[in-house]
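Asker: Here is what each chain is made of, one letter per residue.
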Amino acid sequence: MSIGTKLQKWTRAGLITADQQARILEYEKISAGNRWRLGLAGAGLISILLGIALIVAANWQDIPWQAKLAVHFIVNATLTFLVFRWWHEPARDHHREIALGALWGLTLTFIALMGQTFQLGGQAYEALRLWFWLTTPMILLFAQSRGIARLWAVAFVFYVPYDIISWTLDNTINPAAEQTVVLATAILVPLGAWAIGAVPRLAVNRPTIARMLRRLGMLLAFATGLAAGVGYYGRTSFEVPMIAVLMAGIVILARQVLRKWHPGSDDRSNIDILCLSALFVCLPFIAPIKSDVVAAVHFIALCLLAGALFQQQGRSNLVSLMISLVTLRLFVVFIELFGTMMMSGFGLIAAGLILMGLVRMGKHLDKILKARLG
Amino acid sequence: MTRTRILYLAALLLPLLFLGLQCAYLFYVRTTAPVYSVVLKAYDPRDYVYGRFMQYRYDWDHAESQKPANIEKHDLPETGRFYLPEHAALDLQDMLREQEKTKFVAYVSFMGKKAIIRDLHVDGKKWQDAWTEWRNRQAPPPCAAGTPGCAH
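Chains A and B, in that order, give the protein sequences. In terms of my numbering, the first sequence is numbered consecutively and its last residue is 374. In terms of my numbering, the second sequence is numbered consecutively and its last residue is 152.
Calculated from the structure, these hints are not laboratory results. Quick reminder that beta carbons are idealized off the backbone N, C-alpha and C, glycines included. Mixed in with the good hints there might be a few duds.
Pairwise CB distance ranges (calculated) [what the hints assert, rightly or not]:
hint: 1; chain 1: B; residue 1: L76; chain 2: A; residue 2: E126; range: 15 to 25 Å
hint: 2; chain 1: B; residue 1: G112; chain 2: A; residue 2: A203; range: 50 to 60 Å
hint: 3; chain 1: A; residue 1: E336; chain 2: B; residue 2: R30; range: 53 to 63 Å
hint: 4; chain 1: A; residue 1: I3; chain 2: B; residue 2: K114; range: 32 to 42 Å
hint: 5; chain 1: A; residue 1: H94; chain 2: B; residue 2: N70; range: 26 to 36 Å
hint: 6; chain 1: A; residue 1: W261; chain 2: B; residue 2: R30; range: 49 to 59 Å
As a list, the in silico DSSO-like pairs of lysine-lysine whose alpha-carbon atoms are at most 27 Å apart [to be verified]:
hint: 7; chain 1: B; residue 1: K126; chain 2: B; residue 2: K103
hint: 8; chain 1: A; residue 1: K68; chain 2: B; residue 2: K103
hint: 9; chain 1: B; residue 1: K103; chain 2: A; residue 2: K29
All chains, full assembly: derive it from the sequences and hints.
Answerer: See below:
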């Protein structure tokens, strides 16, 4: 919905006056005025930089390796100097963020250049590992913009589990150890990301990164909770079931600790969703049943419970997402279970009636509880 | 300078200093470490050259291969890769397809148990020379203008 349509809706609802509507629209028009000029200038700059990069690339083998390394090092050193110089200059915030982003990316290309020059023969993930850990302190301390914060947080929640799991798989062939590390990573990394993002000092000093970590922690926890249901399709045993029970215990304990540290109602709901998802990750490992129905129940139950918690928070977009996921999963269930259109038709009607019944029952229970409390 | 300022500066300088020192160390290894020649085997008969780099297996058992005395055989690296300019990589792939019994020899130094390839020879010549020869051989023979069938 465009801002104009939204403002009209709010004006009709009496939330804002017609004068306020006009003033907001005028403000938006002025603030968007530079977009055209800046956009074109940005596109021109990118075009020039790409052109230079292509000319250098075309003559790459003719440039002595010492010159390649030296020029790259000098560029990185200059960017480092600029980031530090513009650190406390609010007027140069944009410049600093661009310099920081460029330095971040060019550190990776410098590592790649070193590998190429000295023929180190390493793998791409080894270069990424060095880059990520080497630049993380710099990004955490200097990044202020949403763009860099998002990129770093995405790299953190996806790269760190990948790195832990791939390192384990490279260094052990013991299935119990492999499964334990995979399970612990799936549970602890999202919890850890959220907990780091909720540290008050980080939340105050680095609000963008902290918010991003909390969001991505929750997203990863929920996605892992749903993905764990795949275990019901093929798994009939788990090497160390007690580890899963222990992990579930740790999750319950973590919930208590985190709720104590973060007493706000929104935070508590988020912690509940995180821990609920983590418990759902443990379930297929505790009870390794090979069943399509159980896999579907796992998926739908997590969506329903998370949806109820989002409803409490008043996050209507996430409630809609949960409803969409449940609906989609129901279609998949009937395709998986019955196959024929007739049977799937009956099945979908039955599921629809069950869902409507559940909603009605929930509403009724809510009414009774409110009446008792009130 | 306050402690916070020092911490921030250290975080900012960490990548630059670490990579700068690493470069210096690699340069030192490159110039001082002993060099061993090792015969190479194809990594995969279908894909000996992978675009910008060549991936290969070290043939430590080959009679002509040298290895450092202080590293056990099972600790020696099995595979490696050699970065090449784009056109050279593609040509080397063709060379390998067309030439039979081409012998690739790598000259490597060791950094711990990790092998760093210093140079590559093809049939006793530096790979650049072997590549240049192969490219010249591919050029069509010159023909006089006006000769039937000669495209000028």
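Asker: Confirm or reject the claim that L76 of chain B and E126 of chain A have a C-beta distance inside 15 to 25 Å.
Answerer: The hint (15 to 25 Å, Cβ to Cβ) holds, given that L76 of chain B and E126 of chain A are roughly 19 Å apart.
Asker: Between E336 of chain A and R30 of chain B, does the C-beta distance stay in 53 to 63 Å?
Answerer: 59 Å, holds
Asker: Holds or violated: 26 to 36 Å for the Cβ distance of H94 of chain A and N70 of chain B?
Answerer: 55 Å, violated
Asker: Could you check the hint for me, namely that G112 of chain B and A203 of chain A are 50 to 60 Å apart, CB to CB?
Answerer: 42 Å, violated
Asker: Kindly confirm whether 32 to 42 Å is satisfied by the beta carbon distance between I3 of chain A and K114 of chain B.
Answerer: About 57 Å separates the Cβ atoms of I3 of chain A and K114 of chain B, which means 32 to 42 Å is violated.
Asker: Regarding W261 of chain A and R30 of chain B, is the given constraint of 49 to 59 Å on their beta-carbon distance met?
Answerer: 52 Å, holds
Asker: Just to be careful, I want the Cα atoms of K126 of chain B and K103 of chain B compared with a cutoff of 27 Å; is the pair within it?
Answerer: 12 Å, holds
Asker: Given the hint that K68 of chain A pairs with K103 of chain B, does the C-alpha gap stay at or below 27 Å?
Answerer: 31 Å, violated
Asker: Compare the distance between the alpha carbons of K103 of chain B and K29 of chain A with 27 Å, and conclude whether the hinted pair is satisfied.
Answerer: 70 Å, violated
The structure fails to meet hints 2, 4, 5, 8, 9 from the earlier list, while all remaining hints are met.
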